[in-house]
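Top line first, the protein sequences correspond to chains E and F.
Sequential numbering of the first sequence, starting at 1, is according to this note's numbering.
Sequential numbering of the second sequence, starting at 1, is according to this note's numbering.
What the hints contain is simulated information worked out from the structure, not anything from laboratory work.
Among the clues, some could well be false.
[Unchecked claim] Some, not all, of what chain E presents toward chain F, calculated at C-beta under 7 Å: (1) 1; (2) 4; (3) 5; (4) 6; (5) 7; (6) 12; (7) 14; (8) 17; (9) 19; (10) 22; (11) 23; (12) 24; (13) 27; (14) 30; (15) 31; (16) 263.
[To be verified] Partial selection, computed: residues in chain E whose CB lies under 7 Å from chain F: (17) 9; (18) 16; (19) 78; (20) 202.
A virtual CB, placed ideally from N, CA and C, is assigned to each residue, including glycine.
This is what each chain is made of:
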Amino acid sequence: MNEREVTALLERRAAAVATSDPPIDAILDAGGRDSGGHRHRRAFLAAAAALMLVVAAGVAWDSARDESSPSLPTDAPLPTHEGFRWVGMNGIAVEVPLSWATDAVHCGTPLSDTVVFPAGVKANCGLGATKSFSVARFVVASTSGGLQNVTHRSTTIDGVPARVGDASRVFSTGTPDPGNGCSGSSLGCFPLYGGAIYVPSRDVVIWVESPHKQTVTDIIDSARVIPGGYVAVPDVTGMQQSLAADTLGTLDLDPEPQCPGGGHVCDGSLVVWRLEPAAGTIVNTGSRVAMVVASEIVATQ
Amino acid sequence: VSGTDEEFAEYASMRWMSLVRAGVLLGCSSADAEDVAQAALLRCYQAWDKVAAARDRDAYVYTVVVNCLRDSLRRRWRGETPTESVPELAEPDRTGDIDVVDAVDRALAGLGDDARVAIVLRYYAHLTDEQAAEALGIPLGTAKSRIARGLERLSADPALSEAIRGTS
Chain E
1 MNEREVTALL ERRAAAVATS DPPIDAILDA GGRDSGGHRH RRAFLAAAAA
51 LMLVVAAGVA WDSARDESSP SLPTDAPLPT HEGFRWVGMN GIAVEVPLSW
101 ATDAVHCGTP LSDTVVFPAG VKANCGLGAT KSFSVARFVV ASTSGGLQNV
151 THRSTTIDGV PARVGDASRV FSTGTPDPGN GCSGSSLGCF PLYGGAIYVP
201 SRDVVIWVES PHKQTVTDII DSARVIPGGY VAVPDVTGMQ QSLAADTLGT
251 LDLDPEPQCP GGGHVCDGSL VVWRLEPAAG TIVNTGSRVA MVVASEIVAT
301 Q
Chain F
1 VSGTDEEFAE YASMRWMSLV RAGVLLGCSS ADAEDVAQAA LLRCYQAWDK
51 VAAARDRDAY VYTVVVNCLR DSLRRRWRGE TPTESVPELA EPDRTGDIDV
101 VDAVDRALAG LGDDARVAIV LRYYAHLTDE QAAEALGIPL GTAKSRIARG
151 LERLSADPAL SEAIRGTS
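Starting from the given sequences, assemble the full structure and let the hints guide the process.
Okay, here's the thing in structure tokens:
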């Protein structure tokens, strides 16, 4: 049994736990920081969370981004709105809320993720975990076929030709059930919007899905070319360590294996399980990228 | 409008489910796990400035969860009445995935508290070895040792191996 399998089992077990709505109001009331004027807003947030956790993230995106002005830290490659960060692949980046964590194992924990995964990998880990909502999905175009089935328009991103499939309704989760509220989805019933950016010269497609159409539009509109001197950490998880190191090296990154049991020299045939910083993170060229190498523990049965 | 309240509400809404589920993996019933998660989020709300400034917000919050769980267990132990049967570790499975639920619950229960918490923090909460060590208040080497020991025991569990084969 390897580390991925342990994670998969834990997530599968965890997925069987039914939870109540998050008690946001109760916590705010008990916390003593309430100014008394936010009850309506909090009620809305709680309702959104009850529908689906990531809806709240979408609401925050829609409002917070309009109110904040971009700042340009000296070590940032692109102007970053407060509370947001850039994620990218193959020289193209989009801005997503800081709270959207990158799921290191691509298995749906937590639900509101910015996920970077290679072409051909479906947005679930095959063990019943559901995801793909409110995520920016990066798919290498050479194997995904670009935007073959999406109505798109031509545009440019920082002068680089691109095709954009604007946000449109792609499907709905669950089926409204008068007797039970919603059937067919443990996440609730709501429409799902999708959109995409295809940059042929960079061989990358960015798919964005969210219950909020505006969220999809905002993320697509944020797309930028990553400036020189910076690079997006590629997803080399699942690769053999030696191949992963070569891949990082070709992008002027400095791979550092973190081997089972410690140390930085280990069997090159072992598989990379996790990256630090995570795939999709924008870093300076030459940056060190730690490759956490999975130990292969053989069941003794 | 308090940005703190909204930021906290957004964060808590998104993490609520995973925190409760982590509590169940750590041995709580669903109800107790919700109590622990709520207590942890309340502490985080009261110290939100620190949480917001933390290098890794999730690692900080999971540290609070572990502390709340310890507090909860201490309170329960003081008022506990011994019984002949071991209480249920978690709510019954709602997905029909009974074999996996049972296998994982039994395997985690067999790890012992120290290794169990380390394994859940490392492989469910996705903390690094260093973050897990910090959350548990133990040296890095000790954390790595507990994680390795836990992995070994899970690997040797025939029911878990069967569960994996059933999903592959």
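Evaluated hints:
Annotation: interface hint on residue 1 of chain E holds; nearest CB of chain F at approximately 4 Å, less than 7 Å. For the restraint placing residue 4 of chain E at the interface with chain F, the shortest Cβ-Cβ distance is roughly 9 Å, beyond the 7 Å limit, so the hint is violated. The interface hint given for residue 5 of chain E holds, since its Cβ lies 5 Å from the closest Cβ of chain F, which is under the 7 Å cut-off. A hinted interface residue such as residue 6 of chain E counts as satisfied when its beta carbon comes closer than 7 Å to some beta carbon of chain F; here the least separation is about 5 Å, so the hint holds.
Restraint check, residue 7 of chain E versus chain F: the minimum CB separation of about 5 Å is within 7 Å; hint holds. The beta carbon of residue 12 of chain E comes within 5 Å of a beta carbon in chain F, closer than 7 Å, and the hint placing it at the interface holds. With 7 Å as the threshold, the beta carbon of residue 14 of chain E comes within range of chain F, its nearest partner Cβ sitting at about 4 Å, so the hint holds. Interface hint at residue 17 of chain E: satisfied, since its Cβ lies 5 Å from the closest Cβ of chain F, which is below the 7 Å cut-off.
This hint holds: residue 19 of chain E has a C-beta 5 Å from the nearest C-beta of chain F, less than the 7 Å allowed. With a cut of 7 Å, the hint placing residue 22 of chain E at the interface with chain F holds, because the nearest CB-to-CB distance is about 4 Å. Given the 7 Å rule on beta carbons, the hint for residue 23 of chain E holds: about 6 Å separates it from the nearest Cβ of chain F. Annotation: interface hint on residue 24 of chain E holds; nearest CB of chain F at approximately 5 Å, less than 7 Å.
The beta carbon of residue 27 of chain E is positioned within 7 Å of a beta carbon in chain F (closest approach about 5 Å), and the interface hint is therefore held. A cut of 7 Å between beta carbons decides the hint on residue 30 of chain E: the least distance to chain F is about 6 Å, and the hint holds. Hint status for residue 31 of chain E relative to chain F: holds, with the closest Cβ pair at about 4 Å, below 7 Å. Evaluation of the residue 263 of chain E hint against chain F yields a violated restraint, the C-beta minimum of about 12 Å exceeding 7 Å.
With a cut of 7 Å, the hint placing residue 9 of chain E at the interface with chain F holds, because the nearest CB-to-CB distance is about 5 Å. For residue 16 of chain E, the suggested interface contact is upheld, since its CB lies about 5 Å from the closest CB of chain F, less than 7 Å. Among the interface hints, the one on residue 78 of chain E is violated; its C-beta lies about 21 Å from the nearest C-beta in chain F, farther than the 7 Å criterion. Here the hint on residue 202 of chain E is broken, as its CB sits about 29 Å from the closest CB of chain F, past 7 Å.
Checked against the numbered hints given earlier, the structure breaks hints 2, 16, 19 and 20 and satisfies all the rest.
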